[in-house]
Amino acid sequence: YEIFKALRDYIHLEVFDKDKPYYGIILDGNKVRFVEDDSPADFAGLMPDDQIISIDNTAKPLEVRESVILHVLREGRLKEITLRAGKSPGHSLRAKLDGKIAKAIFNSDIIEAEYVTNVI
32 YEIFKALRDY IHLEVFDKDK PYYGIILDGN KVRFVEDDSP ADFAGLMPDD
82 QIISIDNTAK PLEVRESVIL HVLREGRLKE ITLRAGKSPG HSLRAKLDGK
132 IAKAIFNSDI IEAEYVTNVI
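Residue numbers (our numbering): 32 to 151.
In short, the hints are calculated from the structure, not lab data. Please note that a few of the clues may not be correct.
Straight-line C-alpha distance at most 27 Å; calculated BS3-like pairs for lysine-lysine [as the list claims (entries may be wrong)]:
| hint | residue 1 | residue 2 |
| --- | --- | --- |
| 1 | 49 | 127 |
| 2 | 118 | 36 |
| 3 | 51 | 118 |
| 4 | 49 | 118 |
| 5 | 62 | 49 |
| 6 | 91 | 51 |
| 7 | 62 | 134 |
| 8 | 36 | 134 |
| 9 | 36 | 127 |
Here are the in silico distance ranges between beta carbons for each label pair [what the hints assert, rightly or not]:
| hint | residue 1 | residue 2 | range |
| --- | --- | --- | --- |
| 10 | 85 | 136 | 44 to 52 Å |
| 11 | 131 | 73 | 52 to 60 Å |
| 12 | 118 | 64 | 21 to 29 Å |
| 13 | 60 | 88 | 13 to 21 Å |
| 14 | 65 | 115 | 12 to 20 Å |
| 15 | 78 | 43 | 36 to 44 Å |
| 16 | 84 | 51 | 22 to 30 Å |
| 17 | 74 | 36 | 28 to 36 Å |
| 18 | 108 | 51 | 29 to 37 Å |
| 19 | 37 | 125 | 13 to 21 Å |
| 20 | 82 | 131 | 12 to 20 Å |
| 21 | 47 | 73 | 19 to 27 Å |
| 22 | 111 | 142 | 42 to 50 Å |
| 23 | 45 | 78 | 30 to 38 Å |
Computed from a predicted structure; not experimentally measured. Even for Gly, the Cβ is constructed at its ideal location relative to N, Cα and C.
My request is simple: use the sequences and hints to build the entire structure.
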């Protein structure tokens, strides 16, 4: 965090997914790979390695909506979990560097980059 404070006069940073609806998980297909601490998914009881069998009683990809009912397979047992979206604390960044520093380091007037996370 301190490095961003030191560079803020030179690099324009924007967290562009802050406050957007999210669940706080990373999926690999229909398997939960990661559950963010204190996220809606964490509070709902989802765990890494849960396998999502159905979403609102259908076999469809998980999309962030206000509320969904998940049927998950955990250690051979079927569980029903109600998952409600919350506000993302922000995971995806957009950065822009311009002026003398961009010219000195990259020999370009403007450098732009974007990091998009796969946390949904």
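Okay, the hints, checked on the actual structure:
1. 49 x 127: Measuring from Cα to Cα gives roughly 18 Å; hence the hint holds.
2. 118 x 36: Roughly 24 Å between the alpha carbons, so the hint for residue 118 and residue 36 holds.
3. 51 x 118: Distance of about 5 Å is within 27 Å: holds.
4. 49 x 118: 7 Å, holds
5. 62 x 49: 25 Å, holds
6. 91 x 51: 22 Å, holds
7. 62 x 134: 45 Å, violated
8. 36 x 134: 21 Å, holds
9. 36 x 127: 15 Å, holds
10. 85 x 136: 44 to 52 Å: About 51 Å separates the Cβ atoms of residue 85 and residue 136, which means 44 to 52 Å holds.
11. 131 x 73: 52 to 60 Å: 44 Å, violated
12. 118 x 64: 21 to 29 Å: 22 Å, holds
13. 60 x 88: 13 to 21 Å: At roughly 19 Å between Cβ atoms, residue 88 and residue 60 fall inside 13 to 21 Å, so the hint holds.
14. 65 x 115: 12 to 20 Å: Because 19 Å falls inside the window, the suggested range holds.
15. 78 x 43: 36 to 44 Å: Distance hint for residue 78, residue 43 holds at roughly 38 Å.
16. 84 x 51: 22 to 30 Å: 27 Å, holds
17. 74 x 36: 28 to 36 Å: 31 Å, holds
18. 108 x 51: 29 to 37 Å: 33 Å, holds
19. 37 x 125: 13 to 21 Å: Because 19 Å falls inside the window, the suggested range holds.
20. 82 x 131: 12 to 20 Å: 53 Å, violated
21. 47 x 73: 19 to 27 Å: Once the Cβ atoms are compared, 23 Å apart, the range 19 to 27 Å for residue 73 and residue 47 holds.
22. 111 x 142: 42 to 50 Å: 48 Å, holds
23. 45 x 78: 30 to 38 Å: Cβ of residue 45 to Cβ of residue 78: about 32 Å, so the range 30 to 38 Å holds.
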